[in-house]
Every structure is written in C-alpha cells, then in structure tokens.
Amino acid sequence: MKTLLAGLLASGCCVSVALAQPPAHGDAAAPAAETGQKPAGGHAGHGGGRRAKMLMLANADGARITYWKPDLTRMELSAEHGHLTLPPTGMDNYHALVVEQDWGPEKDTLIRYEYSFGKPSGHSPAELTAAVKTELEVVPDPIPREHYRYMAADRWSFLVRYQGQPLAGTPVLLATSQGSRLEAVTDAAGRVTFRLPDDFPEVEAGRENNTPAELSVTASHREDGLEFVTVLTAPYHADPAHWQSFPTGVAIAGAGFLVGGLVGFRRRHDNKKRGSA
Amino acid sequence: MNPLTNLSVIRRLVQVAAFAFLVYGSVVVGYYTADKLSVAFPALTCAYDMRSADYCTLIPFQHQMAHRVGESISNGTSLLMGLLPVVTTLGTFLLLFVLLNKAFCGWICPLGFFQELLGVIGQKLGLQQRESLAPGIVDRLRPVKWLMLGVLVFSLPLLSGLGFASHDLVGAYCAICPSRIMTTLAVGDTSQLYFDSANPTVMVLSVSADFLFGAMVALGLTTRQPFCRICPLLALHAAFRKVGLARLVKNPSPRCGKCGLCAKACPMDIREIHTTEKQGDITFADCTLCGRCVEFCPDQDVLQLKYATFPVFSASPRYFKQRKQAQKRWESWTLRGWWSRRRSPATERA
Numbered sequence: 001m002k003t004l005l006a007g008l009l010a011s012g013c014c015v016s017v018a019l020a021q022p023p024a025h026g027d028a029a030a031p032a033a034e035t036g037q038k039p040a041g042g043h044a045g046h047g048g049g050r051r052a053k054m055l056m057l058a059n060a061d062g063a064r065i066t067y068w069k070p071d072l073t074r075m076e077l078s079a080e081h082g083h084l085t086l087p088p089t090g091m092d093n094y095h096a097l098v099v100e101q102d103w104g105p106e107k108d109t110l111i112r113y114e115y116s117f118g119k120p121s122g123h124s125p126a127e128l129t130a131a132v133k134t135e136l137e138v139v140p141d142p143i144p145r146e147h148y149r150y151m152a153a154d155r156w157s158f159l160v161r162y163q164g165q166p167l168a169g170t171p172v173l174l175a176t177s178q179g180s181r182l183e184a185v186t187d188a189a190g191r192v193t194f195r196l197p198d199d200f201p202e203v204e205a206g207r208e209n210n211t212p213a214e215l216s217v218t219a220s221h222r223e224d225g226l227e228f229v230t231v232l233t234a235p236y237h238a239d240p241a242h243w244q245s246f247p248t249g250v251a252i253a254g255a256g257f258l259v260g261g262l263v264g265f266r267r268r269h270d271n272k273k274r275g276s277a
Numbered sequence: 001m002n003p004l005t006n007l008s009v010i011r012r013l014v015q016v017a018a019f020a021f022l023v024y025g026s027v028v029v030g031y032y033t034a035d036k037l038s039v040a041f042p043a044l045t046c047a048y049d050m051r052s053a054d055y056c057t058l059i060p061f062q063h064q065m066a067h068r069v070g071e072s073i074s075n076g077t078s079l080l081m082g083l084l085p086v087v088t089t090l091g092t093f094l095l096l097f098v099l100l101n102k103a104f105c106g107w108i109c110p111l112g113f114f115q116e117l118l119g120v121i122g123q124k125l126g127l128q129q130r131e132s133l134a135p136g137i138v139d140r141l142r143p144v145k146w147l148m149l150g151v152l153v154f155s156l157p158l159l160s161g162l163g164f165a166s167h168d169l170v171g172a173y174c175a176i177c178p179s180r181i182m183t184t185l186a187v188g189d190t191s192q193l194y195f196d197s198a199n200p201t202v203m204v205l206s207v208s209a210d211f212l213f214g215a216m217v218a219l220g221l222t223t224r225q226p227f228c229r230i231c232p233l234l235a236l237h238a239a240f241r242k243v244g245l246a247r248l249v250k251n252p253s254p255r256c257g258k259c260g261l262c263a264k265a266c267p268m269d270i271r272e273i274h275t276t277e278k279q280g281d282i283t284f285a286d287c288t289l290c291g292r293c294v295e296f297c298p299d300q301d302v303l304q305l306k307y308a309t310f311p312v313f314s315a316s317p318r319y320f321k322q323r324k325q326a327q328k329r330w331e332s333w334t335l336r337g338w339w340s341r342r343r344s345p346a347t348e349r350a
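Chains as they are written, first to last, in this note's numbering: chain A, 1 to 277; chain B, 1 to 350.
Mixed in with the good hints, there may be bad ones.
What the hints assert, rightly or not - Covered by chain B, according to a simulated footprint, are these stretches of chain A (three or more residues, beta-carbon under 8 Å):
| # | region |
| --- | --- |
| 1 | 205-219 |
| 2 | 234-248 |
Unchecked claim - If you want a taste of the chain A side facing chain B, the calculated C-beta under 8 Å gives, among others:
| # | residue |
| --- | --- |
| 3 | A126 |
| 4 | T134 |
| 5 | E135 |
| 6 | P142 |
| 7 | I252 |
| 8 | A253 |
| 9 | G256 |
| 10 | F257 |
| 11 | V259 |
| 12 | G261 |
| 13 | V263 |
| 14 | R266 |
Hint data in this document are derived by calculation from the structure and do not stem from the laboratory. All C-beta atoms in this analysis are idealised placements derived from N, C-alpha and C, irrespective of residue type, glycine included.
Work the whole structure out from these sequences, hints included.
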C-alpha cells in the first residue's frame, strides 16, 4: 500500500478532477465534460462555480482529509470508493484540500488548492498559503491570481516549508501527467522555480479546446527517523503561444499607430490650412 | 509660479502616485492582498495586470451579466438572484464614486494619465499639438462611449450568458480595452499584446484591441485624451455624476460669452462650459474634473471646483496670469527646438 501511494505521488497522479464535475459555462461544455475531451471551461478560478466538486482520490483509505476554507476554518471530509466530494462552502476564493496518510515510518501528504465561488470571504489567499497545514508542505509562491493559471512555458515558484519554516537545499521534483520530469533544489529561502514543461502532445487553437493536464511538485524530508513526503498537485494549461502570436500583435498595433499618426497628421494639416485661410 | 500652487502640477503628482499604486500596487499591499481592496474600483486598471492593486469595475459587470443575469434567465432560475450581484457591484462602485465623482478620470485613472503622458511626450518632441477637435467630430464621438458601455459591457456579455453569442464575448470590452495592454506592458508582461487565431471571434477582438492600442498611442502624441472620449467608464461615471460630491460649478459673468478660454483649455473639448448660462453644478457628461477650465478662467470665481458645498479651487485673475505664463514657459521648450538651436551656427544665434 505504502509503495503504491509513493509511486503514485512520484508520478503525480494521486488526485485528479473527476469528469463528473458539472460544466461551469452552460451546455456547450457539457458533452466535453462527459467525454473528457475538453476542460470544464471558464477562466481562471471560475471552474466549478458554486457547486460541489468531485475529485478522485487514490490510496486514501484511512487517510485524514481536511478541507481548509479561506478563513482558515476546517472541515473533515471522507472519501467513498475513491471519490471525494468537495462541498460548496458558500465562501469565495481558494480552499485547500489536505490529505494526510500516516504509514508509520513515513508520512505522505497531498495538497491541492481549489477555487470556489460564494460570498466574499474577506480573506486573502496569502493567509491560506501561509497557514501551516501539515509538517512538510509545498506552497505555491504565489498562487495564480484571477485571469491567471498555471500554463506551460510559464515560470512559477514554490516554497518548501517544514513546520512553517523554509527548507533550504531540498531536492524538488516537478512531474506532469504528460510524462515530463524536472528537478531542482530549493534556495536559502526554500524557494524553487520551474519553467513548466510545454509538453502537450497535441495542441488545438483556443484554451478551451485543450484539456488541462496535471502537475505535481514533490519534496521529501527526513527528521527524527521519520520520512515526510509531500506533493502539491494542480492543473496546468497549454501554452497560448501555440495560437496567439506576439509579433503579429505588435505588427497590428504598429498598423494602428501608423493609421492613428496619419489621422493626427491630416487633422493638423487641415487645421493649418483653415488657420492660414 | 510656484509649482506647488499650480493645480496641473498637483494633479500630475496625484496621477503619478495613483498610477504607481494601481499598476504596481501589489508590491505595496502584497500580491494577493491586492484583490481585497476592491473588485469595483471606479478606475480603469486591470485584473490582467498581475501587479495591480485593484480591479476595474467593468470586469465584474461583464461577468455578472453573463454568468449571473444571462444564465439565470436561460436556466429559468430567479432573475432577482441573478441581478443581486450586479446591484452589489453597482453599490460598491457608487460608494467609491460618491467620494470623488468623475475626478477619478482626471486624477486617478492610469489610462487617462498614460494618454496625458503621451501628450507631454508629443509636445516635448515638437509635434504640433491639436488644441481642440472640431465641434462636429466631438459631437460624433460623444455617443460612442454609451455604445461601448451598452454593447460591450452589458449587451454582448448578457447575450453570451443567454447562449445567443459566443462565450468569447463574456469579457467583450476587456478583450478590446487598451488599458489591458497598457498596464500589462507597464509591468513588463507582453502576454496581452497578441493576435489570437483560435476562432474568428477572438481574431476580430484581438485585432481590434491591438489596432486600437496602436492608434491611441499615435493619436495621444498630438491629440488630447483620444481614448477617454469613447471610454465606457466615462459613460458609467456620467450616468451617476449627480451623486458625486466633487463637482464643477459655474457662476456665469457677462464676459463668459466672449472669452471661451475655459473650453479651449478643456482636454475633452466641452465647449458647453463656455456657452452654458446655467448657474451651479455644470459637471458635464464628458467632464473629468481635471480643473483646467478653472485654471484658465480669467474671471474671479466664475468657475469653481467644489467638494459638496465647499469651494476647493476657484478661478482668479491673478492665478490665471501666472498659470498662462507658466504654460508658455512649459510649452516653449521642445526637443525639436533645442535640436535646431544646437545645429544653427553661433553667428546666426547671435
């Protein structure tokens, strides 16, 4: 059991969003969600809306599952047949799912930040990421803000903390469900930065036409004869540079500049003529 | 003239501070603390800017029209529940709006400041500045801001929520907004200047955005506030301008009909400041409460900026004279003039 969970942790497949999750934006996404060919849609942080979210959880028998709300209050959850329902809390903003599995000499933890809609919580997600949720944690630094999300080819940083303190010199593994693996070591502040792999095998034009993949950031630490393993999982999206062109954008802005300049010049010329007349 | 008594200098300092805070504000208040400040700030700054300290109120309006009002109608659920978030956004917008009224445009808005900066650059480069747009052009441009507000901010997102239009139109205004490109470029992020080939809708939107941004930059070098004239926030502000505490007040004098300096000074070319004979609050729909008309009014107390009933800044002949001289000195130095003086032989100069 322990080996299996560890193996899953390393491959970053421990938790995945269930395809039964209701689509966020109307009927257009419904068939896609059922077949699993398309993402639930929507913009960053909007997926799932105010409804319950369902996640699949592997190897979580006997695990302690805690759901942290933005105001740092907690609720205990339990998985049934590998399915975990995240109930709507009525609170807006990021929530943290923390799954802790104690194997005796080894303690494994899985953390996932989920955005839920509701009434404004009045709390910054920085409070949630700063809160000590378990002994060893990989923390997004920062967590993506609205209109942003983890995207391939983007650089994102993570902090590794043990009992709330940054852990320097710790090897960190970033693995994706597409098979990429990157390794790095935390700096003195416990921070590690990765350029997310641009490893989507087939990219279609348009973000909503590409199913997000999963990434996991894993770190381990030994203390007093105990081995702590922690993994942060999150979805990441295809790099929009595949269908968005910056040089063409600059060229169009340049054309706008020329036309705007021409209009300004003609008006000045007309004014001058009127003035001299 | 002491620069610290010059209203335009004071306004510029406020604009610089507001620009730094609104565009780079998360550096001060913390990356994610920023979003607690407001999601309905009545200034045109942007959620797409990862360093910003607030969100433009047009973002929640568009999303609520699509995801709350539109979806509640199409799903047959309570329309009241759909409208409630829109009313809440409007309420928070008005809470802040009451404090400064349309002075947000003239004193706070980052895009407004950016355009004024372009004007300064154009003037210093020696490009001839257009004093005023022709009345015909001004009249034709005035309804555009209402169209932008009605169509791009409210109608298209609503149609998208109802399922009659593409989901790409949920943020129809943001998709073409030059502030999205300006604020992100200002923090070194080029990701918002792009041509999107995903589908025809986003293709048109991205081309419009890039073209509009380029045109605004070029026009801003020679023409005052080119985008402000069609900005949907100007329209939103105009709709509620009577509830704001800051206002432009006129006490007409018999000389008003002849002078016209106030209208000439107005960056939005509101000629009615000069022609109206109305006494009291004359905060026009296009007014940004920048105060330039008051600065360039030569008659005592004819124009005033008031906060509620208290005069904050009043026209006076003494200030007018000093301000005019200061403006002349400011405009006399240009790069082109400096360059031609440098190139001309010493004998010629002598």
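Evaluated hints:
A count of 5 residues in the region 205-219 of chain A with a Cβ less than 8 Å from any Cβ of chain B is obtained; the coverage claim is therefore met, three being the minimum. Given a C-beta distance limit of less than 8 Å, the hint that chain B covers the region 234-248 of chain A holds, as 6 residues qualify and 3 suffice. Given hint, A126(A) at the interface with chain B, holds; its Cβ is 4 Å from that chain's nearest Cβ, closer than 8 Å. Because the smallest distance between the Cβ of T134(A) and any Cβ of chain B comes to about 21 Å, over 8 Å, the interface hint for this residue is violated.
With 8 Å as the threshold, the beta carbon of E135(A) stays out of range of chain B, its nearest partner Cβ sitting at about 24 Å, so the hint is violated. Annotation: P142(A) was flagged as interfacial toward chain B, and the flag holds, the nearest CB pair being 5 Å apart, inside 8 Å. Among the interface hints, the one on I252(A) holds; its C-beta lies about 4 Å from the nearest C-beta in chain B, closer than the 8 Å criterion. Taking 8 Å as the C-beta cut-off, the interface hint given for A253(A) holds, the closest approach to chain B being about 4 Å.
Because the beta carbon of G256(A) sits about 3 Å from the nearest beta carbon in chain B, less than 8 Å, this interface hint is met. Because the beta carbon of F257(A) sits about 4 Å from the nearest beta carbon in chain B, less than 8 Å, this interface hint is met. Hint on V259(A) holds. Least Cβ distance to chain B is approximately 6 Å, under the 8 Å limit. Annotation: G261(A) was flagged as interfacial toward chain B, and the flag holds, the nearest CB pair being 4 Å apart, inside 8 Å.
Contact between V263(A) and chain B, as hinted, is supported at the beta carbon level, the nearest pair being about 7 Å apart and thus within 8 Å. Against a cut-off of 8 Å between C-beta atoms, the interface hint on R266(A) is violated, since the closest Cβ of chain B lies about 11 Å away.
In summary, the numbered hints that this structure violates are 4, 5 and 14.
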